[in-house]
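Protein sequence lines correspond, in order, to chains A and B. To get this note's numbering, take the position in the first sequence, counting from 1, and add 377. To get this note's numbering, take the position in the second sequence, counting from 1, and add 337.
Check before you lean on any hint, since a few could be wrong.
Said to hold, decoys possible - To give a feel for the contact side, a few chain A residues facing chain B, derived at Cβ under 8 angstroms: (1) Asp529; (2) Pro545; (3) Glu549; (4) Leu575; (5) Gly576; (6) Leu578; (7) Ala579; (8) Glu585; (9) Ala588; (10) Val590; (11) Gly591; (12) Val592; (13) Asn593; (14) Asp632.
As the list claims (entries may be wrong) - In silico negatives: residues of chain A with every beta carbon more than 10 angstroms from chain B: (15) Leu492; (16) Pro507; (17) Leu687.
What the hints assert, rightly or not - Taking CB as the label site, the calculated pair distances span: (18) B:Val391 / A:Val411: 26 to 32 angstroms; (19) A:Glu585 / B:Lys403: 18 to 24 angstroms; (20) A:Gly533 / B:Glu476: 33 to 39 angstroms; (21) A:Phe688 / B:Ser346: 23 to 29 angstroms; (22) A:Ile686 / B:Gly465: 35 to 41 angstroms; (23) A:Leu492 / B:Glu366: 45 to 51 angstroms.
Please keep in mind that the hints were generated in silico from the structure rather than gathered at the bench. All C-beta atoms in this analysis are idealised placements derived from N, C-alpha and C, irrespective of residue type, glycine included.
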Amino acid sequence: MSSTRTRTAGRRAGRGLPLWLSPKALGIFVVALVALYLAPLVLSLDGYLHNVVGLTFMFMAAGLAWNWLGGYVGQISFGHAAMFGTGGFVAARLAITFGLPFWLTWVVGGLVAGLYALIWGHPTLRLRGPYFSIATIGVGEATRLVATYWSDFTGGSSGLSLPIGNGPTKYELYWYGLYLLAAVVAISYWLRKSRIGLGLLAIKEDVEAAADVGVNATLYQDAVLFLSGFVVGICGGFYASYQAFIDPLDMFSFDRSISFVLIGVIGGIGTILGPAMGAIVFVVIQEFLLASYPQLYLGLYGTLLIIVILFEPLGLSGLLLRLGKRLGRKPPASTAAGGMGSASADPDGAPPVLTGVPGQDDSKGGTSA
Amino acid sequence: MSALLVGESVCKYFGGLKAVDDVSFELAEGEILGLIGPNGAGKTTLFSVAAGSVPATHGRVLLDGKPVNGKAGYRSVHQGICRTHQIVRPFARLSVLDNVLVGHHYGSPEGSHSSPRDRAMEILDFIGLAERANQLPGELTLAGRKRLEVARALATGPRVLLLDEVVAGLNPVEGKRFVDLIRQIRERGTSIIMIEHVMHAVMGLSDRIMVLDHGRLIAEGNPQDVAHDPQVIEAYLGREDDEDGETVTPSAEERHDA
Ligand SMILES: Nc1ncnc2c1ncn2[C@@H]1O[C@H](COP(=O)(O)OP(=O)(O)OP(=O)(O)O)[C@@H](O)[C@H]1O
Ligand SMILES: [Mg+2]
Numbered sequence: 378m379s380s381t382r383t384r385t386a387g388r389r390a391g392r393g394l395p396l397w398l399s400p401k402a403l404g405i406f407v408v409a410l411v412a413l414y415l416a417p418l419v420l421s422l423d424g425y426l427h428n429v430v431g432l433t434f435m436f437m438a439a440g441l442a443w444n445w446l447g448g449y450v451g452q453i454s455f456g457h458a459a460m461f462g463t464g465g466f467v468a469a470r471l472a473i474t475f476g477l478p479f480w481l482t483w484v485v486g487g488l489v490a491g492l493y494a495l496i497w498g499h500p501t502l503r504l505r506g507p508y509f510s511i512a513t514i515g516v517g518e519a520t521r522l523v524a525t526y527w528s529d530f531t532g533g534s535s536g537l538s539l540p541i542g543n544g545p546t547k548y549e550l551y552w553y554g555l556y557l558l559a560a561v562v563a564i565s566y567w568l569r570k571s572r573i574g575l576g577l578l579a580i581k582e583d584v585e586a587a588a589d590v591g592v593n594a595t596l597y598q599d600a601v602l603f604l605s606g607f608v609v610g611i612c613g614g615f616y617a618s619y620q621a622f623i624d625p626l627d628m629f630s631f632d633r634s635i636s637f638v639l640i641g642v643i644g645g646i647g648t649i650l651g652p653a654m655g656a657i658v659f660v661v662i663q664e665f666l667l668a669s670y671p672q673l674y675l676g677l678y679g680t681l682l683i684i685v686i687l688f689e690p691l692g693l694s695g696l697l698l699r700l701g702k703r704l705g706r707k708p709p710a711s712t713a714a715g716g717m718g719s720a721s722a723d724p725d726g727a728p729p730v731l732t733g734v735p736g737q738d739d740s741k742g743g744t745s746a
Numbered sequence: 338m339s340a341l342l343v344g345e346s347v348c349k350y351f352g353g354l355k356a357v358d359d360v361s362f363e364l365a366e367g368e369i370l371g372l373i374g375p376n377g378a379g380k381t382t383l384f385s386v387a388a389g390s391v392p393a394t395h396g397r398v399l400l401d402g403k404p405v406n407g408k409a410g411y412r413s414v415h416q417g418i419c420r421t422h423q424i425v426r427p428f429a430r431l432s433v434l435d436n437v438l439v440g441h442h443y444g445s446p447e448g449s450h451s452s453p454r455d456r457a458m459e460i461l462d463f464i465g466l467a468e469r470a471n472q473l474p475g476e477l478t479l480a481g482r483k484r485l486e487v488a489r490a491l492a493t494g495p496r497v498l499l500l501d502e503v504v505a506g507l508n509p510v511e512g513k514r515f516v517d518l519i520r521q522i523r524e525r526g527t528s529i530i531m532i533e534h535v536m537h538a539v540m541g542l543s544d545r546i547m548v549l550d551h552g553r554l555i556a557e558g559n560p561q562d563v564a565h566d567p568q569v570i571e572a573y574l575g576r577e578d579d580e581d582g583e584t585v586t587p588s589a590e591e592r593h594d595a
């Protein structure tokens, strides 16, 4: 066994260990952050657009968090509105009743949402595939009903209004959304590129075979669900601050759950760039199309889902990957097939478009839209 | 001689079916134990219990004196026992290298190595898949996928390796290579139980052989004795009017080709 050969092959064999920390990926990430941070100050955007971009950051973060479970572990949740709503209402309650600072209400809301996710998730995550998905529909609906009738806490169908001046303004929320997104992107990279990411992918491929080589699937799935619920809960808190008014029919609705699925699936499940792009598509449709033609709602989303699933299961990032191939840069086989294209940064191969940090190209698209 | 792996009256029932019925066994350090028996004899089921993938109905398995608990399968890997699957189960969308890395990260690799990647490449080199590190399992031949299955298990650093029909379904040349490979694995200090229908492989490799039929242990001993045991011959041939005069000719050799 010649060790030199082993070495070289090892190097050839893909990403060096902490690649999500590779100078290139990190550089792009920081540049994108700074650009987005400064953009509103320099460009003086239309106020409404500025706010919508801020909201888009939140949806990107939520889509990415949903994707940790749906894309990395392969457990598609149709019930994430339960955590979105929980986070939102706990945050709103804390702000109204105790006057806590907004960031604390978000974090506590997120924690409660994450714990709630654990409570129903620990037993249901034993189910896999469609069985898990069906269970999450039940959880989502049950949560919605309880929230609607528990009017002492949620205000029932009349909802809750946040105290004025408690949190940041819509204008300021743009930056908080950006911080949130940055943190979530960083976690996404870490989850993907660390050994944990490999374990998650193994679970996604074959839980039993993973357990047979030592992966504690229960622990990992629970942890990912907690983390996902935590972040989506924070997003709920953000949304409460953004709207200054929340009602359970909206926060806990099935449509809300579906929106997270859509963001993940349209953009490209299992990737990082994907949910970020999906969020843009979602917000554009939501804010600009559906505002004028609300009756299109279900038909449009249904059609989109069918198109994606039939023609490009990797969604928009799959399209980008193809485009990259067309342009002559062939990604390594494993990358292409694994749907990890946009996960970043295989040093030799992945098309540069996909190495980009989500923020980058997209939100430029978003800002100039 | 204190045995490394001990099965004490292991039973596994599926409803009324006694897939494994009161089987006791011992595996010594550095030994290769062959496990044979007709189709449906309960060999794979015994492996699943021994590897902690499923709990036993009665009885228990001890590795180094500590029980292998079937309730949390991943734990037995950390104890030092790892199994391969009769029908290979690679992580299909992970590269060959990543497949092995999963085993390395989540198993209990002995000692510290330069880096996980180097260690994984070393294993792939040993197993003969180094050139294919970046390919997907689906791009490998059946023999290649069986090698990968073994490589991934080896990466967990097992003291006991359970090989479920790794030679069956390979052509004679590949089969021969695999036999050499198994011998080398043992030489590197891993004790092995192997299920195998390919008789020359299991007869040539095993220090001892045990024979299961209908979930029961019907014979045990050195390869020659077992091959001429009338009960064993009957288990394989007796129930069918088989003209094939050879001793112990499994009918199922080709059954598991992918
Ligand atoms: N999960 C299960 N549920 C019910 N019955 C099972 C299960 N697994 C195995 N069996 C049954 O248990 C018996 C033993 O099966 P097992 O797979 O252990 O046999 P084997 O000796 O490995 O056979 P082969 O040589 O065909 O691989 C068979 O009758 C099989 O149908
Ligand atoms: Mg079997």
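Cross-check of the supplied hints:
1. Interface hint status for A:Asp529: violated, as the beta-carbon distance to the closest one in chain B is roughly 41 angstroms, over 8 angstroms.
2. Hint status for A:Pro545: violated, given a least beta-carbon distance of 41 angstroms to chain B, over 8 angstroms.
3. Annotation: interface hint on A:Glu549 violated; nearest CB of chain B at approximately 42 angstroms, more than 8 angstroms.
4. Given hint, A:Leu575 at the interface with chain B, holds; its Cβ is 5 angstroms from that chain's nearest Cβ, closer than 8 angstroms.
5. Taking 8 angstroms as the C-beta cut-off, the interface hint given for A:Gly576 holds, the closest approach to chain B being about 6 angstroms.
6. Contact between A:Leu578 and chain B, as hinted, is supported at the beta carbon level, the nearest pair being about 6 angstroms apart and thus within 8 angstroms.
7. Annotation: A:Ala579 was flagged as interfacial toward chain B, and the flag holds, the nearest CB pair being 5 angstroms apart, inside 8 angstroms.
8. Below 8 angstroms, beta-carbon pairs count as interface contacts, and A:Glu585 has one with chain B at about 7 angstroms; its hint therefore holds.
9. Checking A:Ala588 against chain B: minimum C-beta separation of about 4 angstroms stays under 8 angstroms; hint holds.
10. Because the beta carbon of A:Val590 sits about 4 angstroms from the nearest beta carbon in chain B, less than 8 angstroms, this interface hint is met.
11. This hint holds: A:Gly591 has a C-beta 4 angstroms from the nearest C-beta of chain B, less than the 8 angstroms allowed.
12. Interface hint at A:Val592: satisfied, since its Cβ lies 5 angstroms from the closest Cβ of chain B, which is below the 8 angstroms cut-off.
13. Taking 8 angstroms as the C-beta contact cut-off toward chain B, the hint placing A:Asn593 at the interface holds, the least distance being around 5 angstroms.
14. The interface hint given for A:Asp632 is violated, since its Cβ lies 31 angstroms from the closest Cβ of chain B, which is over the 8 angstroms cut-off.
15. Distance check for A:Leu492 against chain B: the nearest CB is about 23 angstroms away, which clears 10 angstroms, and the non-interface claim stands.
16. With 10 angstroms as the threshold on Cβ separation, the claim that A:Pro507 sits away from chain B holds: the shortest Cβ distance comes to roughly 19 angstroms.
17. Chain B leaves A:Leu687 outside its interface by the beta-carbon criterion, the shortest separation being 20 angstroms against a cut-off of 10 angstroms.
18. The beta-carbon spacing between B:Val391 and A:Val411, approximately 54 angstroms, falls outside the hinted interval of 26 to 32 angstroms.
19. Range check, A:Glu585 to B:Lys403: Cβ separation about 23 angstroms, and the 18 to 24 angstroms hint holds.
20. At about 58 angstroms, the beta-carbon gap between A:Gly533 and B:Glu476 misses the expected band of 33 to 39 angstroms.
21. Our hint of 23 to 29 angstroms for A:Phe688 and B:Ser346 is violated, since their Cβ atoms are close to 57 angstroms apart.
22. Here the CB-CB span from A:Ile686 to B:Gly465 is close to 39 angstroms, well matched to the stated 35 to 41 angstroms.
23. The hint said 45 to 51 angstroms for the Cβ distance between A:Leu492 and B:Glu366, and at roughly 47 angstroms that hint holds.
Violated hints, listed in ascending order, are 1, 2, 3, 14, 18, 20 and 21; each of the other numbered hints is respected by the structure.
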